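Participant: What follows is each chain in one-letter form.
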Amino acid sequence: MSEHQPKQKKIRPPRSFGWMAEYEDENQLLDAARKVRDAGYSRIDAFTPFPVHGIDEALNIRRTRLPWFSLVAGMTGTTVALLLQWWTNAFDYPYIISGKPYASWPAFIPVTFELTVLFAAFMTVFAMLGLNGLPKFNNPVFTDPKFDRATDDRFFLWVDSRDQYFNAEKVRELLEATGAKAVEEVWEDDSPTEVPKSIYAGIAVLILITLIPGAIVLNMRNSRSPYPRWHIFFDMDFQPSRKAQQPTTIFADGRVQRPPVPGTVARGELGPNDPFLLGYDPEGVAMGKGAAVNVQMVSYQQENSASQEPIEEPPAPPPPQPDTSAADDPQASATADASSEQAGEAPSKPAGDQAPTTAEDEGDAGAGPAAEGEPNYAWLERFPLPVDAELIEVGRREFEQNCAACHGLAGYGDGLVSRRATELAQGYWLQPTSLHEQRIIDQPVGRIYYTITHGKGKMAPYADALTPRERWAVVAYVRVLQRSQNARPEDVPADADLASARGDDTTNR
Amino acid sequence: MASIAVSEVDNTIDTPGRRTPLVTGDQTYASVTHMVSRISEESQPLIWWLTFAVAFPSLLMFGCLIIYLFLTGVGVWGNMSPVFWGWPIVNFVFWVGIGHAGTLISAILYLFRQNWRTSINRAAEAMTIFAVICAGTFPGIHVGRVWFAYWLTPYPSLNLWMWPQFRSPLLWDVFAVGTYASVSLIFWYMGMIPDLATFRDRSKSRLRRMIYGILCLGWSGSSRHWMRYEKAYSILSALATPLVLSVHTVVSFDFAVSQLPGWHTTIFPPYFVAGAIFSGFGMVLTLLIPVRAIYNLKHLITPRHLDNMCKIILATGSMVGLAYVTEFFMAWYSQNKYEYDTFVFRAFGPYWWAYWIMFTCNVISPQVFWFKVFRRNTILMWIVTIFVNIGMWFERFVITVTSLARDFLPSSWGYFSPTWVDIGMLVGSFGLFTTLFLLFCKYLPVVAVSEVKGVMSQHAHAEHRHGHGGDH
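Chains as they are written, first to last, in our numbering: chain H, 1 to 509; chain S, 510 to 981.
I should point out that these hints are in silico values taken from the structure, not numbers from a laboratory.
Since the structure is predicted, the reported quantities are computational estimates derived from the model, not experimental observations.
It cannot be assumed that every hint is accurate.
Said to hold, decoys possible - Footprint (simulated), chain S over chain H, 3 or more residues, beta carbon under 8 angstroms:
#1 87-96
#2 121-129
#3 239-246
For every residue, glycine included, the Cβ atom is placed at its ideal position computed from N, Cα and C.
Chain S with its partners taken away, still in its complex shape (with noise of 0.2 angstroms):
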């Protein structure tokens, strides 16, 4: 019987010599199936039921403002001239940037051999494509007249007799999103064939099972089919790293290749995946620290996995901090007034609270990680979390409006303000994700359990290879 004989050790620990255990509390492959598979396969805790009156409605209300919207026009929300990028685009860039850490996790570190990544990388890819769905709703319903969205697709069309206009960014960022997220939806779909293979060989019902049956595609767990598997695996996430990567900057192209001062700068691109690493992993820990207390996953998603991302946090908010600090440094530095007038305008104009609060949130919250208290106590990591989300927010909106709100002549100068349909929305985006998670809680694995009992697997042979050499 494969077991893995680890007592319950402080995992965030490296001790020189021994392979730190990525799964606590004297696992089997047996027992990690069930853990994971329960939670579907049990009826769901109050809490979750509580969540879902929540977020169900919001995702309702949401979809009632999308109506409204269509029905009315665009004019329902604040977006006004000069801001004629209000919400809806903030939303946008914000739910992309969430959009980045599952891919970045199950990619970047999977192509980096860091194990540890298979406990969360599962909730964190579909949390990923929640997000993606959640961001691609902004600019399709953005685009005035809706039921011409379409166009942006090139088609030969008979009507319109022309093409969409491949040198502009915008049409760039249909690209990029659209590639986004159909390539992370497949690639979490492919990760999730084995474990919905689990999921159907150990269900009672007939049903159950027939679905199940038919969403894993009737998988074996031949030896063969695992090669090409694995391999398939390894080609997507080559392929999934560069484009990650890529999604953020082409949309910060949306932006930066225009000529407004305070959008018109060469560090958007790094400067906006730092922001979106930054704002997903904040997204991951403000979903993963509840889903492994409720269901009970502490022995699978282990201390050590918050402290690496805690410490990912602490990394990124630094480069993004770096990254504010930067644009001010060009402001003065170039010393082109309009440049310079945007930011002081920007840090100490009407909208100085917008920018404090993303600056105190982004750059300064996450400094407390470079204290072990805060990097192990759930709760205080989960309240930075929490500010880390909102502080993205506010990047966004402070780019997005604070740029646009003056403009070159005095006399098209605005100030933004949102109506409730821009704050219904941004709540039933909300309502639209977290309705979303909560039903892959539900019915799907959380965690990629076979991904996890190869990981054990792997550990259980080099402890074995090193136990008996009595050194390293």
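This is chain H alone, in the form it adopts within the complex (with noise of 0.2 angstroms):
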């Protein structure tokens, strides 16, 4: 303390804090700290190495307020666990996983519990140094150096300057008198308080040099750059693998891009130009309005590419390389297509233009919906194979399995399927086609054969589920059964046994 007081009085009187007392043992200290509660004191404190038990009685100190921040802290952890699960996976991205719930909460309780504990937790240690005044680096009490065993094995006792019934002398006076081993007052830190400017500077400057790679990547993702992205990880944006027509050295060509191996047969193109498996005669379509239908029909086959049924060997001049990328690129090809069909017959419609836009050409095609984009071919009037009682087993057999879902057994369009989506109301549910409209009934059977290979609106194709004889038998016992539903008395042989036949019918179907 002497030594002290020169060096303050060099900048001005220096100002007492309060009055310390020294003791070498805990219990010293409770019994010192409970004379001068005694004595009046309030604002008063303990310096200990470690907590002393009592002393908190002894020196009046209050219960703190802490479990409270805990507490609250832990509610607010549960309640955003709980909204970040709900409104995350149940409300602004619902995905079903696992044929949970969206919002399953049990599922939710272990992330809930850890984010009620890591609040809490994080709450408790900030709260006890918020109400401890923590971090706190200029205490007076730090600028004695006896005080550097409070941490050790000494225990401080304290009275404020500013307690109310403060009193140098007398406070002196009452700590010497309980047994202390020094007594000394606590004089105003005399070090500088001001952090220097330059320790500010510093940190400026760090955090700038921080900030630098943030706002470069902040720079470059809101702005736009001539030149390709940069790389930090490459992810999979460059690969080993090479890009069509470029070359290679793999390959004794030097081409990236394979020819098909000979003898390989493109999809669609299996067989030749059959009638039987066509639906019609090829040879006979350029009739009538066929030039625009054909152009719709090459816009079909693109899409459907993969049943497609090859319409004509494309004609004279063929491709340049018969065995490079031409075939494998559609546009190419359905251009070329596209234009050998339409060389007879339409010179106004470009070749490349393949939008179905016909309708107004054909306005007198047919009745309704159906007749738009008919094709119009050289249908098949007779069937192409012999149709005998076999063919027809095969044909019922067939139809019964593949067709009668929806078209009724009878073929009135009443199958079960149908049946049920009108049950249902099913607003986008289409009736099936009962078999016996007269326009069905009129269908050459090419026709059909075409309609069982192809689909027809809303109906799938048949062409994979059945095979080409298949179809036939199947269109074979659909004339059957429209003979059979429309049948006119002539029909009946004289000889028939009307009562058992009709029996037979309703056991068979």
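From these two lone chains plus the hints, build me the complex, please.
Facilitator: Rendered as structure tokens:
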């Protein structure tokens, strides 16, 4: 103390903060604290190396509000977690996973628990520091070198000079009377309390430097640049595989794209141009509005190239490089087909125009939407194969398996699927066409065959479910149904047993 | 002068009517402070430097391997169909398990008023944090495109337009391990503040004083501060206790919530937690036995402490053994063909060696702690703890790899073999762990000095009161 005072006087009269007494043992401290408290002082404190049992009561320390902070933080954690999980998984981005409901509360428990603990724990520590006024680096008690032992093995009692009854002399006497090892006055810290400017400058520079990378990234993300983007991580942007039309050293011909292996048959190119497979005679195509229709066929084929049937072999000038990519390019081949189809008839249509804009060209093609885009081929009027009981039997089987669900066993368009859809009043359900409509009865067999092969409107194609022979068999059976359901009296053989025939009919169906 | 008059006694024996001392050898508050502070103030012994010379290069190797992994991809590991969770996940679960002892000691034993924890809790908590750092590394680098690991956090992303999937145990895991790591860290730091102040007040150099002064946030030891500090400590303990139990529970969900035979088991949560405590105490002993010998802390970390920890190891080791047996019983009792086959395959299939290493190390080796010799002789004890560490690594291996190696279809059966990168990373993670622990010994208070003093004071009071009464 004596060596402190002269130093302080250099600047201005030192300010006293209070008196401090030093004890060697916690029991002495406790006794002293009680005495000082009983003398009426309230701005008192003790500094000890460990929490001394009983000091709270001796110093009249009130209980802390800390637990409330933890409680509120914990509840906040719970709420945040539940809201976060509900909002992200059930509201903003609902996504079904492992059959759980969007808001699957049991699955939200773990994260809720963790966030509750996380919030409460951090709040506990920070509230403790905050209520204690920490961090606080310029504490007047630190000016006394003796005080270093407050974290080792000495116990200090402190009376603040701001206490309402404070009187320096009386306090000193009181403390000395408690058997303190030393009693000292604590003076204002004479070391500069202000942090040197250079430190602030240093911190500012550091902060600025750390901001630079982020600023660069932000700038890059929000501006345009003629240069390719900067790759820190390449992800899958650059792969060793080559792109189309690039050279390679792997193959002898130096080309990346490979020609088809000799003998390869492309999809849809199987078999000759056989009316048996097509349902119409390709030689007889070019009549009436064929050209316009064929433009539409091209676009249709482009969309459904998987199930396409060749319309016609591309005529004269053959593609310059039959083994290169020209065949892979649907645009190119479609254009070629279109132009070849159109060659004779409709020069007004540009070859590349594949839009189905042809409806007005064929206003008289037929009634209703079914007529729209109706292909106009030379339909086979007769079966291209012998029709016998065995074929019809095949047809019956296939019809009942593939068609009856919609069209009904007798072909009236009242199959089970259809009836159920009607019952459920499903607006988008299109009633399957009754096969006994006059329009269908009038259709040539090739036309029905074509419907089965390519589908029709909402009806799916059956080319991959039924072989051509089975398709013809189904056509034959459709004819049988039409004949039987629309029979005229003349159709009944004179010697028929009508009653048993009808009975047969119903049991078979 | 508060001196605890205790002569050299065997404090592993409880004498009725006397409180068994937790600190031996006539310690005063000053001598305890000195005993701990000197470790950081004096230069480190040769063995420290030797260990560091091995550990630090391993850490560097770990770093290089991670860079190699980033640049090349996860194919550098042995993870291959059908075993897509290989060593990285084994190491993750192993290290998380180890990281259980620290918070268990500081939180659960605090709530149970087990005062003997004060001498060991600091080191155990440090170990916890370092183990969790090792653990966190592995799933972090396991995600493939590491630079997108932040997608795991729920933030409103303008690129993804989607949110993490909160119904997945893997995301629970992110939250559980993340919470555990940060809460353990802050708990550890808060516990260290008074001791950092001690370091500050003892420091001779200005720089040292400044650094520790900043670290301890200007702690003065005011009684008001202590009161709030103690309150905060007990609240944190109450929060950390269920947290400890939850972490390995959630880790076990990673496995148990899946449909895989060998993983889809309801006993996983308690089984994993028991295993975690077991391995954690094993690692605490592995570290503290040398620390106490090298830094001469025998009076603070007394035979009684070691004895208690051996008993915990014995108890949890037997629980783990019970879990192994239960798994087999359930596999047989459930009459589920796949479950049964998986377990027969584990014990008698191509991985039989791993299974029996695990069983011997975890269940049989701790049984020696029934005998007092093993609970007193530090060398024997240390050897057993090494077996415990090995056994627990193999337990994670057995659970992770053997269940995956046999899928339902024989066509997807396989055998896992690690690559050199796998092995290097396991070694490297030990390098990271050891380096951090060595630095901890060098720079931070290894024992919670203020807590030990508090316990000494309480004991002195108790002795004082009972001593005068003459009886109990």
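Participant: Of all the hints numbered above, which does this structure not satisfy? Sort the numbers upward.
Facilitator: Result: hint 3 breaks, nothing else.
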